[in-house]
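When you get a sec, could you build the whole thing from the sequences and use the hints?
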Amino acid sequence: MDIPIDFDSITDTFARADQEGRSFLYEYEVYSLLARSGAETPPKSSFIPKGARSSDEQLMALPGEKAVLKIVSPFIVHKTEVGGVRIVTKEPNQIRSAVRRMFYEVPERYAAWIQQNPDGAPVHYKGLTGNALTAAVSRDVRGVLQVQFMPPDSDTFGNELIVGLRHTREFGTILSAGLGGTDTELYARRFRKGQAIVAASTAMNDGQSFFQLFKQTISYQKLAGLTRGQRRIVTDEQLIECFESFVRIGNFYSQANTNAPFVIEELEINPFAFTDYLMVPLDGMCRFGHAANLPEKRPVVKIDHLLHPKKIGIIGVSATRKNFGRIILDNILAEGFAREDIIVFKQGQDKLDGVKCLAGLGMLKEKLDLFIVAVGAAQVPDLVEEVIRLDAANSVMLIPGGMGETQGSKDRADGVMAQIDAAHGLDPSGKGGGPVFLGANCMGVISKPGCYDTWFIPEEKLPKMRSDKANRTALISQSGAFMLHRSHQCPELRPAYMISMGNQTDLTLGDMVHYFKDSDQVDVIAVYAEGFNDLDGLMFCQAVKGAVLSGKEVVFYKAGRTLEGKAATSSHTASLAGDYMVCESCVSQAGAIVARNFSEFQELMLLSGTLSLKPIRGNRLAALSGAGFEAVGMADSIQSDDFSMELADFAPETREAIASILAAKGLSAFVTLSNPLDINPAADDETHAAITGILARDPNVDAVVVSLDPLSPAMQTLDKTPVKAFDMHQAGSILDRMTQIVSQSQTPIVTVVDGGRLYDPLRDALMDRGIPVFTVCDKAIAALSLYVQGRLRADAIRSCEGVEPVL
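Numbering (my numbering), first residue to last: 1 to 807.
Since the hints were made in silico from the structure, they are not lab data. Misleading hints may appear alongside valid ones.
[Said to hold, decoys possible] Below, a list of computed lysine-lysine pairs in the DSS-like style, where the Cα atoms sit at most 27 Å apart: (1) K310 / K410; (2) K410 / K517; (3) K410 / K297; (4) K517 / K448; (5) K310 / K297; (6) K311 / K90; (7) K310 / K464; (8) K193 / K311; (9) K311 / K297; (10) K90 / K50; (11) K779 / K193.
Here is the structure:
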C-alpha cells in the first residue's frame, strides 16, 4: 500500500518539542503529524496564545459558521470533562468571550476535579490545594486552539472511532481501535471481550491484518452500516489506509527500531468522526520519549548445551546433609546421567558419592556444557565473574533466590546482569559472548532427552516415574512451584522437558520458545508466564508464530491480570488496552491457545498432547450422554466471551444409523434424535461406543464429546470388582471399545467420566491409552472449544503465510 509518510517532518516536530523541554505534542502539532502521515486531512486550526489580541480577520479565517475552541495545556488531557472544549458561533466577539471564560473557568474546574480525584492528578500538581492549585493550573494554560467545525454525518451511538498507539515495555508498540468518544472506557467495560476494542502488535501486523481484527467489533458493524437503521459512513479502504499509516508510524518510532530518533509513548485520536466519507480527527494527544538501551543479543544457540549437556558441573553439594545441592546431584544421577561426566566443585575432597571433585573452576581441563550453581546468593556475583573470565561453561543454572525478588537484592541482581550483558556484548552476532544463564531463583530443568533432573525436591516428596515414556511436550514456567504442582497433580502430562525460568536474569521466555520452535523433540510448547523482560513479550510472540508455522501447538497462561498502571496513564488507549488485554491479544494472535485458569492450562496441555495429530476441520460439535443434565449442560457451554462452537446438524445417514442402534437396544421410545443426544441411562457400553463411532464418521461433525455414564448399571466402568457386568477390563467394555474407536478415528473424541474417586482407575486407563478424559462435561466443552478455536486460528495463520495446515 502506497502511503506517503513524511518521517523527516514528523521527526522535526518531535525535535522542536524536545528542544523546548516537552515530551508531548500540542493538539495542533498532532494534527500536523496526521497531515504528514498520509492519513485524511485534519481540520484547519489556529492557535490563540494566552494574552494575545487576535484580530477579527484572524478569528474569522477558518471556514464554517461555527468554531470549536479547545484549551491548550500540557497537563489537561481529557478536556471535555472540565469545560475545555466549546462550540460557538463563528463571530469575533463570541469567540473572544468564550476564550476569556475558558482561561478562568477551566483551571477552576480542573483544580476541583483533581481534589476529587487525587490519584489521577499529574505529579506536577501533587500536594497543591485550593487557590495554589488553581493558580498552578492557570499558569500552565498556553492558550486556546480554534478548530474548524466539521459537523459529523451522525451523532448516534457507534459513529465515532478511537485509534491509538501505545508503547508497552513488554510487547513494544501496540495499535488499538474501537468505539470512540467520551464514553469509550464505559463501552470497553460493558461489551463482551473484543467487541468494543481490539489491540495488536504493530510489529506483527499491517493495515490489512489489523482491519480483519477490527471487523469483529461493534464499531465496524456501526461504521459499515451493518446494523438496523444504520448506513455506511466510511469505506473499508479508508480504514485500512488509516490502520496502515498508524502501523508504519508505530514501527518507525518504536523501541524495537534500533534507529528510531524518538519513541512514541502514546498517540491517540479520540475520536475520528465522519463527514461525507471523510475521517475527521476531533481530538488528539501524543507523548514521546527517547529510545532506551536494550540488552545485548543472547547466544541462544547455547540453550542446546543447557538442555542436552555432555558434561555437568555443580557447586554447593554437601557431603554430610541433604541440602539443595546434594538433592540435585542425587536427582541427576537417578535420571541416568553418567557419574564420570559430572564434576562436583568442593575443596578438600576427591570424590563424593562416586563423583569426581575439583577444588575450583580453574582446575577444569575441558569446558563444561552446564554449570549448576546451588550456593547462597551472596557468592553468585563472584562465581559469575569467574565462569565468564575462565570461559568455563556454555551454560549456567542459577538456583539461588535473593537475586532481585526483593528491593534489597536488586543491586546484586543488577550487578550480575551487567556482567552477563557485557560478556554477550563481546560477540554482537549473538552466537558467542559468554555462557547463557538460566535463573536465578529457579528450580532448574528436567530434561528427559538430556537424561538429567536438577529439581531440588527429594524423591520421597515427589516420586517420579523415571522409566515412563515422556510426551513430546516442553513445559516452560516462570514459577518452578507452578510446574511442580501441575506435574504432581497431573502426572499424565509427562513433558519431555520441564524448565523453570526463575527471574530471567539472562535467558527469557522468548529465548526458550525461540529454541523449541525448531526442535525435533517436541510437538507442544506450554508456557506459564508472570511477566516478560523489556520487549521480550514481542520476541515471545514472534517465536510463538514461528512455532505455529513449524506445525507446533503452543499453550499459554499469563498470571497477574490486573490492569496495572491504569490510574497512572493519561490516555483512553492505555486504559482500554490494559496490560493483560494486550498480552492475551498479542499471544493469541500469534497462534497460541490461551488458558483462563490453572486447571484449564493443564487440560489444554493434555488435549494438545493427545489430539495434535488429529485434523480440526471446523467448530461443529456432537455431544452424547446418558444423563439428561449433562446433555443440557453441554448445550449451555458452547458459547462464551472466549469461544463459540456450533452444535452439528447430523447427516441423514447418521440419524438412520443411530436410530437403528436405538431400536435394536429397545431405547427408541426414550430417546429424541437431537444434538446433544441424551441416550438414556439404560444405554450400555456397546450403545455408547457405537453411537460415538457413528458421530465421529459424520462429515458434518468436527469433534465429539461423549459422557461414559460411569454410575449407570448398564456400563462396565469399575476396576477390581467381582461383578463381571461392571468390570471395565472385560472384553467389550467401554474402555475396550473406546480405545478401538479413538485409535481409528481422525475426528477428535473427548470423554467425560463424571463420578467419584471410585472411577479414577477408568480415567487413568483412558488417559494411558491416549484418550482425553474430563470429570465434568462443561469443563470438557470449554477446554475442547478453546483448543478447537486455537487450532483453527493457527491454521489460518499458516494459510496467510502460505504454509499447509497441519493434518
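Going down the list of hints, with the structure as the test:
no. : hint        : verdict
1   : K310 / K410 : violated, 34 Å
2   : K410 / K517 : violated, 32 Å
3   : K410 / K297 : holds, 22 Å
4   : K517 / K448 : holds, 18 Å
5   : K310 / K297 : holds, 25 Å
6   : K311 / K90  : violated, 82 Å
7   : K310 / K464 : holds, 23 Å
8   : K193 / K311 : violated, 50 Å
9   : K311 / K297 : holds, 25 Å
10  : K90 / K50   : holds, 19 Å
11  : K779 / K193 : holds, 20 Å
Hint compliance for this structure: hints 1, 2, 6, 8 are not met, and every other hint is.
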